[in-house]
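Trainee: This is what each chain is made of:
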Amino acid sequence: MQDSLLNDFLVECREHLEGIESDLLAIEESGKNVDSELVNKVFRAAHSIKGGAAFFNLSQIKVLAHRTETVLDMIRSGKLQVSPEIINILLNSFDTLRSMINNPDEMDSVDISSQVGALQEIVDNSVTEKERGSFNRSTRLADLSGTCSVNVPEIDVKTAEKEFQYIYLIEYDLLHDIEMAGKSSLMMLNSLSRMGIIVDTLFDIEGVGTLDDEPVNSIVVKLIYRTVVEPDLIETAVEAGHEKIVCIYNPHSKKEKTDDTNADTQKTETFNDAGNDDKGGEAHTANLSQAGSSSVEGRSKNPVTVTETVRINVEALDTLMTHAGELVLSRNQLIDAISRNDQKALKTSAQRLNFVISELQEAVMQTRLQPIGNVFNKFPRMVRDLSKTLNKELHLNIEGKDVELDKTIIEGLSDPLTHMVRNAADHGIESQSERTKKGKPAAGTITLKAFHEAGHVNIELSDDGKGIDSEKIADKAFSMGLITEEKLRGMTDYDKTSLIFLPGLSTAEKVSETSGRGVGMDVVKNNLDRLGGKVSIQSAIGKGTVFNIKLPLTLAIIPSLIIHEEQERFAIPQVNVIELLRIPSVQIKDRLQIVGDTEVVVVRGELIPIVRFADLLGIPKTYIDPNTGNVEIDRRSRVADRRSKRRSIDGRMDVVSAEIEQRRTGKDRRVRAASDVNIVIVSSGLLQYGLVVDNMRNTEEIVVKPLGTHFKKMQEYAGATIMGDGGVALIIDATGLALKAGITSVSAAKNKGNIADLSGSEGEHSLLIFENTPGECCALLLELVLRIEQIAANQVEYKGGIRSMQYRGKSLPLVQLSDAANAGDVPLEKELVVIVTRVSNREIGLLGLMPVSVEERNFIVDTTIHRQPGICGSMIFDEKTVMMIDVFEIIDKVYPEWKTEKKRDERNVGTTVLLAEDSEFFREQVTKYLNDGGYNVIATSDGMEAWEKLQEHKNEVKLVVTDIEMPVMTGLELCKKIRTDKTFSSLPVIALTSLAGDEDREKGLAVGITDYQVKFDRDRLNEGIKRLLS
Amino acid sequence: MISIENTEQNSILTVIFVVDDILFGLDAGIIQEVVQVKKITPVRQAPPYIAGVMNLRGRVVTVIDLGTRLEMQQVEINDQCRILIVEWKQEYIGVLVNSVSEVIQVEKSDIKSSPGNVKGVQQMFISGVFKRLDQTHACLLDIDKLLDPESRENEKDRVE
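So the protein lines, in turn, are chains A and B.
When we follow my numbering, the leftmost residue of the first sequence carries the number 203, and every step to the right adds one.
When we follow my numbering, the leftmost residue of the second sequence carries the number 61, and every step to the right adds one.
To be clear, the hints were calculated from the coordinates, so they are not data collected in a lab.
A couple of the hints might just be wrong.
Claimed, not checked - Restricting the straight-line Cα-Cα distance to at most 20 Å, the calculated cross-link-like pairs of lysine-lysine (PhoX-like) are:
#, chain 1, residue 1, chain 2, residue 2
1, A, K915, B, K149
2, B, K205, A, K915
3, A, K281, A, K234
Unchecked claim - What follows is a set of in silico ranges between Cβ atoms, one per label pair, in the way DEER data are often shown:
#, chain 1, residue 1, chain 2, residue 2, range
4, B, D81, A, K914, 29 to 35 Å
5, A, G938, B, N70, 33 to 39 Å
6, A, Q568, B, D81, 55 to 61 Å
7, B, N70, A, T824, 52 to 58 Å
8, B, Q92, A, K546, 39 to 45 Å
9, A, S877, B, Q92, 42 to 48 Å
10, A, S787, B, S161, 52 to 58 Å
11, B, D194, A, K914, 40 to 46 Å
12, B, D170, A, I514, 55 to 61 Å
13, B, Q92, A, G938, 29 to 35 Å
14, B, N70, A, T569, 50 to 56 Å
Glycine is no exception: its CB is placed at the ideal position from the N, C-alpha and C atoms.
Isolated chain A, as found in the complex (with noise of 0.2 Å):
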């Protein structure tokens, strides 16, 4: 027999068995309402399965279809109740049969005795006395004329009798009928099948005769064929040339007969009796094994590598086939307009080209594509079998079967998504007893699903399990090393649970049981990253897991945002570019400001870390001397410095930074000094940053082209490819770069999709969040922080009772929380950080521990539960409690005599100020810093409250200080309706903020709002008030 052949039957085979679990679970989940259908479709696998590995003479595996079909039949026939153990037995013999068509050199080693028993059994079970036998037992046919007769199984006949088929001995000539006619054995076979059952195949052994006789010229093969066409239509249905067609049974003439007969009659009228049966089934193995133990031979010789091929349907090569005539006639016509010089000509032409080129890479791409179900049907069947072992109820749910994706990546898939399921199942859904303990339902749902996005696919595997502790994560990790104390500090949860994929940790057996889930995750992440895919966690803890896994539609070729920096050209591939901002330069110093000691932007009130490229990758910035016309290395290290003038965080001009400008004002050596800032916001997981670049060009679908081996280390970089002129353009890994970087997550936090209820909330702010002692969490309004300096512990000098320390040439008072407040000291053996602030113009230090972020967010304060002198209250971040500081009652606790010291100049006591503003907490705060400045405050929630209000007391208020956004009516309005009124109208109007921008600012002051002040800055509050009553 032919390798080819063999081979496409394998091939088949394979396709046959692949819906095969999720069709057989389906049926075990259907219970006693059998689908039909489904069992049909299972039934006529198995049978081609038979049908085919008979033809072949692949023995092991006929004889093992043979029996797991006897039990489909059974089941279809309503003979035999489904139960999960007659599954199990069958998706096992399937798994057989499966292994034995992957390896078919090693098939006649395989051991079918175990399945075949069990199958056996089944049928022995269930089968009445009577009918039990009819499966072994055969009939002898022979055809009217009585010259050929066949031993056909007994069932066989019993079924054509009852459908009314015929039964027939169709003879091929293999070599004249089949070779020379150009058909081949498997479409001939697979044409039968479609009418009807082909029920077995014999080999006419001797007619083919030995080496000695003479050559050949013909390969008999017999076919018994089950069909309920009819005799006059047989020979045109089977296609017939030569072949000798008989009918052996005919289920009418039969009827006739049983008319007249009872059935015991006519079992009597078939040709068995037990003794004889037995051996003619040994003769009929022994003959089979003859064939099989030749064929085996012939085929250890050539042993069968199975070559992998792709189905593509005829249409998907018709397209392919259009386009590559198109092709050929687009070079006509450029090779023409080049010859005639047409510059019209040739622009048509190339447009014709890119067009033609682009669809015809589309269709090749479409003939590589193939449905994620693939990969996703394995896995009923795996949890199913889980659920067992593990003793848990499991159930699986998957969507978007029929989502398509390159070849490649479908087959690469298989391996990390099996891990993650079964991680899933094993590590992710908790026992039975411990779920119903927590009132989950009992069964485990593990979702899988997948999804487009944005031109690339998405993958989501869910649970609902006991999620990922990111904290047991991160403590393994540093415990195993792998991590430094200082970085896990910087660390929000997402990052720590993302640690999981760090090589190390999860293959530790310890792990799975503490860290609850990750043995090889970082195995996972390798093979995913191979594919250009990337994966993410989401964890709750008590509620589940959700990773999600970003892949592109294909490796090959990929849109790219082609950048420049200096003379390199670099890609960014599109899918992770979130956006392009291009700051202009007088916007530099609002939008870029540093954060601890990275800088950031802000986009839309978020802040997102930068990275300036070329410091990145090294390459050095160059600049033309205006003087010399030389091309210079530029030494400026900061962006925000480099461009312009740099506003610290509060807001002021740095001294030193302005200092700087002066020096170079007038004869500035920086030709860009004043150019604008090209950022690319890209992305990798969760994690956004910007990347400081010189130019943005376009972007263009690139072709990956693979670094050699001497990159492999790198993580720079993704590939590399060839742009048009012929130059490479290297191909950048976003998450290798951030990693590179070392950026964590700072906005990540704001991504968790968690923001619940917000009515009420304090609105969103800036907030620095940093530790008083380890774990004990503490924030504090951006706005109030001057700066922050990173210093060591033996910088804190203790004297005389006062804390301080050596800062720019002058002493530093500090304080820490637990001068006012119940709280722990700050440890000074640590790392400490200085949060410099000023109160009653003198600069002061609070005292704290790294890590330091910041975080801009919506937040709820109660200030009941924590309130004491030095805290006005505390909200939960993260499952977290932070508590609020109030660093002027800090101060006034260290410092009482500031405060006093101030008090006696007050001349305002007594004085009426109207406040406007919608959060409780700020209203409270803001009135008892208003208090502190000795004024009476009217306090209202929102605009037309203060606006009847100032009705109400029209002579006694003498100022409005109002928040800009409130219901009902905002700040400007109020402020609008202040002015347009006559008695009002020289009001003065302080605006709160937080960090606004000058067009808020702008648009106040058109609305009339006199001054603007911070919210949270009582001094200067308070100091502005009285220079506008003054």
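On the provided structure of chain A, position chain B as indicated by the hints.
Mentor: This is chain B only, laid out in the frame that chain A set:
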């Protein structure tokens, strides 16, 4: 032109080239072609001996600066420079040299082991020395060690 067929196994067809004014040789059998230097795209953060990557008819080829690799003077790009394209472990790699001087047959019997006073990387990468007709010496290089990204690191470990 000398064809490889008519020479016996006892001689090696060798490409002779110059790096930092010193003559080196590589077995011509492993060299696919010698190309002029067009554009080499630098790869930032790569090991220093990597000059960059280049486009060789649609293939992205790693180019190694042999001067830096041998811890000698870096090859400065000029018209004399050539890149030897070597197929190594199913990958094309370019070896950047100052100039290529000739292709000669070297009798195996003429190849001597490298003198003991050659130290460090050079000793590691040099597999032998032979005398040319004009009595100058040239060093044969061991391409496997030369191109293996790990080899220098290993050497350093050994020395330390």
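Trainee: So, for every hint listed, does it hold in this structure?
Mentor: Evaluated hints:
1. A/K915 <-> B/K149: holds, 17 Å
2. B/K205 <-> A/K915: Status holds; Cα separation ~18 Å.
3. A/K281 <-> A/K234: Judged against 20 Å, a Cα distance of about 12 Å means the pair holds.
4. B/D81 <-> A/K914: 29 to 35 Å: Cβ of B/D81 to Cβ of A/K914: about 33 Å, so the range 29 to 35 Å holds.
5. A/G938 <-> B/N70: 33 to 39 Å: This hint is violated: roughly 50 Å between Cβ atoms.
6. A/Q568 <-> B/D81: 55 to 61 Å: Since A/Q568 and B/D81 have Cβ atoms about 58 Å apart, the given range 55 to 61 Å holds.
7. B/N70 <-> A/T824: 52 to 58 Å: Holds - the Cβ-Cβ distance for B/N70 and A/T824, about 55 Å, lies within 52 to 58 Å.
8. B/Q92 <-> A/K546: 39 to 45 Å: Since the Cβ atoms of B/Q92 and A/K546 sit about 42 Å apart, the hinted range of 39 to 45 Å holds.
9. A/S877 <-> B/Q92: 42 to 48 Å: Because 46 Å falls inside the window, the suggested range holds.
10. A/S787 <-> B/S161: 52 to 58 Å: holds, 55 Å
11. B/D194 <-> A/K914: 40 to 46 Å: The hint (40 to 46 Å, Cβ to Cβ) holds, given that B/D194 and A/K914 are roughly 42 Å apart.
12. B/D170 <-> A/I514: 55 to 61 Å: holds, 59 Å
13. B/Q92 <-> A/G938: 29 to 35 Å: holds, 31 Å
14. B/N70 <-> A/T569: 50 to 56 Å: For A/T569 against B/N70, whose Cβ atoms are near 53 Å apart, the range 50 to 56 Å holds.
Checked against the numbered hints given earlier, the structure breaks only hint 5 and satisfies all the rest.
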